[in-house]
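K.L.:
Protein chains in written order, with numbering that gives the first Met the number 0: chain A, 0 to 260; chain B, 0 to 298.
The hints are simulated quantities; they were obtained by calculation from the structure and are not laboratory data.
Check the hints yourself; a few may be wrong.
Unchecked claim - Examples of chain B residues lying across from chain A (beta carbon under 10 Å, computed):
1) 36
2) 108
3) 110
4) 112
5) 116
6) 176
7) 181
8) 182
9) 183
10) 184
11) 185
12) 186
13) 195
14) 198
15) 199
Just so you know, even glycine gets a beta-carbon here, dropped at the ideal spot from N, CA and C.
Okay, here's what each chain looks like letter by letter:
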Amino acid sequence: MLPDPSRSAVQHGLVDVEQWSVWFGATAALSEVSLRITPGGVTALIGPSGCGKSTLLRSINRMNDGAAGLRHAGHIRLDGADIYAPSTDSSVLRQRVGMVFQRSNPFPKSVLDNVTYGARLNGMTDRRELEALAERSLRRAALWDEVKDRLGQSALRLSGGQQQRLCIARALANDPDVLLLDEPASALDPVATLRIEELLYDLRRDVTIVIVTHNLQQAARVSDRTAFLLAGRLIECDDTARLFTSPREPRTEAYITGRFG
Amino acid sequence: MSALAAPSRVQRTERMARRRRMGSFMTVVVWCAALLSVVPLILIAAHLIIGGARVLSPTFFTALPAPPGVSGGGVANGVAGTLVLLGIASVIGMPIGLGAGLYLAEHGRTRLATIVRYLSDVLSGLPSIVVGIFAWELIVRPSGQFSALAGGFALGMIMIPLVARATEEMVRLVPVALREAALALGFTRWRSSLQIVLRTALPGIVTAALVAVARVAGETAPLLFTAFGTPFWSLRLDRPIAALPLQIYNYATSPYDDWRAQAWGGALVLIALVLVISIIARRVTRSRFGAATGGARGD
Numbered sequence: 000m001l002p003d004p005s006r007s008a009v010q011h012g013l014v015d016v017e018q019w020s021v022w023f024g025a026t027a028a029l030s031e032v033s034l035r036i037t038p039g040g041v042t043a044l045i046g047p048s049g050c051g052k053s054t055l056l057r058s059i060n061r062m063n064d065g066a067a068g069l070r071h072a073g074h075i076r077l078d079g080a081d082i083y084a085p086s087t088d089s090s091v092l093r094q095r096v097g098m099v100f101q102r103s104n105p106f107p108k109s110v111l112d113n114v115t116y117g118a119r120l121n122g123m124t125d126r127r128e129l130e131a132l133a134e135r136s137l138r139r140a141a142l143w144d145e146v147k148d149r150l151g152q153s154a155l156r157l158s159g160g161q162q163q164r165l166c167i168a169r170a171l172a173n174d175p176d177v178l179l180l181d182e183p184a185s186a187l188d189p190v191a192t193l194r195i196e197e198l199l200y201d202l203r204r205d206v207t208i209v210i211v212t213h214n215l216q217q218a219a220r221v222s223d224r225t226a227f228l229l230a231g232r233l234i235e236c237d238d239t240a241r242l243f244t245s246p247r248e249p250r251t252e253a254y255i256t257g258r259f260g
Numbered sequence: 000m001s002a003l004a005a006p007s008r009v010q011r012t013e014r015m016a017r018r019r020r021m022g023s024f025m026t027v028v029v030w031c032a033a034l035l036s037v038v039p040l041i042l043i044a045a046h047l048i049i050g051g052a053r054v055l056s057p058t059f060f061t062a063l064p065a066p067p068g069v070s071g072g073g074v075a076n077g078v079a080g081t082l083v084l085l086g087i088a089s090v091i092g093m094p095i096g097l098g099a100g101l102y103l104a105e106h107g108r109t110r111l112a113t114i115v116r117y118l119s120d121v122l123s124g125l126p127s128i129v130v131g132i133f134a135w136e137l138i139v140r141p142s143g144q145f146s147a148l149a150g151g152f153a154l155g156m157i158m159i160p161l162v163a164r165a166t167e168e169m170v171r172l173v174p175v176a177l178r179e180a181a182l183a184l185g186f187t188r189w190r191s192s193l194q195i196v197l198r199t200a201l202p203g204i205v206t207a208a209l210v211a212v213a214r215v216a217g218e219t220a221p222l223l224f225t226a227f228g229t230p231f232w233s234l235r236l237d238r239p240i241a242a243l244p245l246q247i248y249n250y251a252t253s254p255y256d257d258w259r260a261q262a263w264g265g266a267l268v269l270i271a272l273v274l275v276i277s278i279i280a281r282r283v284t285r286s287r288f289g290a291a292t293g294g295a296r297g298d
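Bound conformation, chain A alone (with noise of 0.2 Å):
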């Protein structure tokens, strides 16, 4: 990896949830949720399918808004602004914070050009400084010795974990302070797996990762905190260490012992 001269530490990125509770219509998905994500690391959201997991990571980049019933109440802050401000400009927001979801979703364009898409859209047009983009992202990403010699090919013919790899590297192209990822590897087999996982081990020492997985080993092994959610509600948020040898609460040991969900 190449880390960034420029931020030696990670300064940006810290994350606090405040009271943060969501509706869809009627239904309650997140309940006063309150959470501190610190900088750099790895923050782990487990828990049984429908606990609100993956609504709590996409209220951090917004991508709940416009969803239809939609309500919000609490606040999220990153670096202190609250991000539902309405000072706050969504798109600008989701450059620093940037999101990979479950199945790798390249655009049906060159590898190249999927990296470099931010970018252009910020208006960087000079060739060079684009393709330079390109291979530090792709190296950061741990794809640049794989597609080297195949960048203007489509994205789509890509392999499954490599296009989710060319996603992070897409998200890491805007170089954002935060990276959010919903189950990255669920839809990867096990190979692509331990790449992705080696690859956010790596990662953690410049950007502030929060992963959402279902998979409770998997949130042992990347993680340095974990938090478990139940039913809408934070139960649990500690070192990941910690959390699985000796949970304070019953239901969270109940839950990483496999008694539910």
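Dock chain B against chain A, hints included.
P.N.:
Quick look at chain B alone, frame taken from chain A:
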């Protein structure tokens, strides 16, 4: 209780044989239906080629219509006129249809969208001669003369709902994941609509638009009292203009044998024109980076 007993081996074999017979029978039925569905096209095409090939010659494409009894007339003005009319129709119908379709796909659940979609369906069901009357009332009567503009306007009206609904369907086919990818990179909603969604759906939309052009290319009724037709060479937009369907109509209903032969030739040319447009449409569909629906190719 005996009714619930598992069927014997013999019974199962019999049932299986019956299902197989039924399966083969249905295969033959649908095969025949498929064959019958293309028979009309083959008959029409054969008829046209036999009837039309007699009058086809290089001069048929370069000459103006000849009076009855004079040999060697052509449909040059009709071909040119039809192209002009299609051009005007596209300029009117495509942008409006495209915009409306994009709106319907992206804001489809609003009240306005429901109304627009319904009215657009009504418009596409409207008899084309009614659209002609509308164009006559709106353009021909106030301006006091038949014109290419009025004809193109009428054809454009017919194109709008075709393009709009096709665009809506194509845009809806673009996976939600692709929109989310664009939004998550910091695209605003309209930019993701234009740059990602529309571009991904573009081959399908272009195909649909060309199919709409092919469809209105053969329309006769809306041109009867708008473009009106002329035996002379004219490309002026504010004057009556010739059109292939009109010439076919005039020739075919005339009492002269040589004119009726010309009608066959005109029809053949018109079909060929539509065929060319369709072939272009098929070519466009094969885009460089594959279909709108992405997905990994193996692992």
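K.L.:
Each hint needs a verdict: does it hold in this structure or not?
P.N.:
To see whether the hints hold, each was checked on the structure:
Using the Cβ-Cβ criterion of 10 Å, the hint placing residue 36 of chain B at the interface with chain A is not satisfied: the shortest such distance is roughly 33 Å. Residue-level restraint check for residue 108 of chain B holds (minimum Cβ-Cβ distance to chain A is 8 Å; threshold 10 Å). Taken as an interface hint, residue 110 of chain B does not check out: its beta carbon lies about 14 Å from the nearest beta carbon of chain A, beyond 10 Å. The interface hint given for residue 112 of chain B is violated, since its Cβ lies 14 Å from the closest Cβ of chain A, which is over the 10 Å cut-off.
The interface hint given for residue 116 of chain B is violated, since its Cβ lies 18 Å from the closest Cβ of chain A, which is over the 10 Å cut-off. Given the 10 Å rule on beta carbons, the hint for residue 176 of chain B holds: about 4 Å separates it from the nearest Cβ of chain A. Taken as an interface hint, residue 181 of chain B checks out: its beta carbon lies about 8 Å from the nearest beta carbon of chain A, inside 10 Å. Against a cut-off of 10 Å between C-beta atoms, the interface hint on residue 182 of chain B holds, since the closest Cβ of chain A lies about 7 Å away.
Among the interface hints, the one on residue 183 of chain B holds; its C-beta lies about 4 Å from the nearest C-beta in chain A, closer than the 10 Å criterion. Satisfaction of the interface hint for residue 184 of chain B is found here, the shortest Cβ-Cβ separation to chain A being roughly 4 Å, below the 10 Å cut-off. Taken as an interface hint, residue 185 of chain B checks out: its beta carbon lies about 4 Å from the nearest beta carbon of chain A, inside 10 Å. For residue 186 of chain B, the interface hint holds, the least distance from its beta-carbon to any beta-carbon of chain A being 6 Å, beneath 10 Å.
With a least beta-carbon distance of about 6 Å to chain A, the hint placing residue 195 of chain B at the interface is held under the 10 Å criterion. A distance limit of 10 Å between C-beta atoms decides the matter here; for residue 198 of chain B the minimum to chain A is near 9 Å, and the interface restraint holds. A least Cβ separation of about 6 Å between residue 199 of chain B and chain A falls short of the 10 Å threshold, and the interface hint therefore holds.
Against the hints set out earlier in the document, violations occur for numbers 1, 3, 4, 5.
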